[in-house]
Amino acid sequence: MIVIPCPWCGPRDESEFTYGGDASRPMPSLKNGNDQAAWHGFVHQRENPKGPHVEYWYHGGGCERWLRVERDTITHQVRWASDAAAKTEPEQ
Amino acid sequence: MTDFKPKYSAWELVKRAWQGDRPWARAWAQVPPKSGYQVVIIGGGAHGLATAYYLARDQGIRDIAVIEKGWLGGGNTGRNTTIIRSDYFLEASARLKEKALQMWEGLSRELNFNLMVSQRGYVDLAHSDGEMEAFVLRANAMRLRGSDAQILDLEALQRRVPQLNIDPMARFPIAGALVQERGGTVRHDAVAWAYARAASAQGVHIIEHCPVTGFEKTGDRIQTVITEKGPIDADHVVVSVAGHSSELARMAGFDLPLESIAVQAFVSEPVKPALDVVVNFNAGLAYVSQTDKGELVMGGGTEGYNSYASRGSLPRIEETAARVIEMFPFAAKLRLMRQWGGIADIAMDGNAIMGPSPVANLTLNAGWGYAGFKATPAVGWALAHSLAKGTPHPLIAPFALARFQSGALIDDGGAGPSPYLH
Ligand SMILES: Cc1cc2nc3c(=O)[nH]c(=O)nc-3n(C[C@H](O)[C@H](O)[C@H](O)COP(=O)(O)OP(=O)(O)OC[C@H]3O[C@@H](n4cnc5c(N)ncnc54)[C@H](O)[C@@H]3O)c2cc1C
Ligand SMILES: [Zn+2]
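In the order they appear, the protein sequences are chains A and B. According to the working numbering, numbering within the first sequence proceeds without interruption in unit steps and concludes at 92. According to the working numbering, numbering within the second sequence proceeds without interruption in unit steps and concludes at 422.
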């Protein structure tokens, strides 16, 4: 069981959350909306790392906020979780 | 035909029993790697080994090494739930799997190895009228392509699978089923061993316990494959490493549109014959069959998040077991005996990626997720053809990496670019 330290609710079980996938790629600017390569990179291409992975989790069973979480894909250890709206990674 | 020495047969068995405990020759030769090969296939799973075999059998290319980091079949080949079927709706998916199903039907004889191909039938359950209608559409598409499909209403389904719980008050009541009677199971590790033996008999080098750690490139070509047993030059490289595809692609200098996610399977204690067909539950996902040893083999969906941890988690086991028990209440009395996971490489449309890559002499075979075992013979056969002719065989051409840029996606599940949902 993965335990995610929600910045609003404290440490909670994975079963309260919904996974939202890779959060490492910034969305391309909508101003150059037809930049095919940029959108292909954002929608499809993935680093898919063995190790630390920054990803979205939705806390539906708690604060109902989207979080950004850094989790290791081999050990499932979570290093940090922050509100997705905060955009910046927390100080280590 | 491959010249097997010795050929496996009842006669050979009797002869050896008669002559006393004469040891059998190794099924495939143990050889140190040469300094270079025409084709280096990375990944000694069933797909890589089949590709080597068909290159040798059909294309006259025998200067081949299959490089495996662990032991043959230790990857997803030996971890899957052994189901074969071709009951797909989309043209490209269905044609490749139907070709494979036809090949499975004669493969034990051809490879002189009992693969225990058991066409016991594959029953796919629908849980609503809407789902039944989609199943009828799919069954019609299958029949139009010359494959077999039957739609069973509840009554007929109960006759086909008497143990199935069709209680209308169940949490997810069952509405009917699509049945492919030619579907079934194949003994998975035997597939790796049989292809390895047949490839080795044609001169293919199989090199185990030899992780690939990098590539040396000149321009847009790979010159040398770096392995723990030394550098190996290659005219052509095939990457067929399932869950580890992104890692190999990164070594070659590019990213892939896929993610690695653990998928689990588990078996119960062995019991007397109780289930003679493969059954798949679609409210959530759970598939179950009974092995010849008597164990129920069960599998479910993905772990739900990116993972390279092949042990898997308890919540997923609980979910899958609950669905199995809803289908077959008698299963509640069984104890789970073993549980394991495999790392599935799931692409952004949930389908395989085969053919050319951004590196000129690197051919990809990836993205098979938790659905590629059934396709093994056709993948090996069509990839070998593509390698020798220098252009993708029509059966695999639709699965090109380029489809993610062109938009010609093959999304059987309709789940969009979220691998954890496929
Ligand atoms: C739990 C589970 C259930 C499944 N059930 C089914 C099913 O019922 N039906 C079905 O059709 N499919 C199923 N699948 C999917 C199927 O098993 C795979 O799609 C298929 O096995 C992939 O091809 P492969 O056999 O070549 O892969 P693998 O057997 O995984 O072969 C890849 C090999 O590459 C090796 N490798 C990795 N990295 C390196 C490296 N750096 N250097 C050298 N070698 C390397 C690995 O050790 C491995 O042996 C299931 C998968 C899982 C995990
Ligand atoms: Zn919260």
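Please note that a few of the clues may not be correct.
[Said to hold, decoys possible] Okay, derived cross-link-like pairs now, EDC-like style, lysine to aspartate or glutamate, Cα gap no bigger than 20 Å in a straight line:
{"id": "1", "chain 1": "A", "residue 1": "50", "chain 2": "B", "residue 2": "269"}
{"id": "2", "chain 1": "B", "residue 1": "99", "chain 2": "B", "residue 2": "58"}
{"id": "3", "chain 1": "B", "residue 1": "293", "chain 2": "B", "residue 2": "269"}
{"id": "4", "chain 1": "B", "residue 1": "69", "chain 2": "B", "residue 2": "216"}
{"id": "5", "chain 1": "B", "residue 1": "293", "chain 2": "B", "residue 2": "319"}
{"id": "6", "chain 1": "A", "residue 1": "50", "chain 2": "B", "residue 2": "58"}
[To be verified] Here are the computed distance ranges between Cβ atoms for each label pair:
{"id": "7", "chain 1": "B", "residue 1": "16", "chain 2": "A", "residue 2": "51", "range": "24 to 34 Å"}
{"id": "8", "chain 1": "B", "residue 1": "156", "chain 2": "A", "residue 2": "7", "range": "49 to 59 Å"}
{"id": "9", "chain 1": "A", "residue 1": "84", "chain 2": "B", "residue 2": "38", "range": "48 to 58 Å"}
[As the list claims (entries may be wrong)] Computed far set for chain A versus chain B, every beta-carbon distance over 12 Å:
{"id": "10", "residue": "5"}
{"id": "11", "residue": "10"}
{"id": "12", "residue": "11"}
{"id": "13", "residue": "31"}
{"id": "14", "residue": "57"}
{"id": "15", "residue": "79"}
{"id": "16", "residue": "83"}
Please keep in mind that the hints were generated in silico from the structure rather than gathered at the bench. Just so it is clear, CB atoms sit at the ideal spot from N, CA and C, and this is done for glycine as well.
(request) If any of the earlier hints don't hold here, list their numbers in rising order. (result) 1, 5, 6, 7, 14
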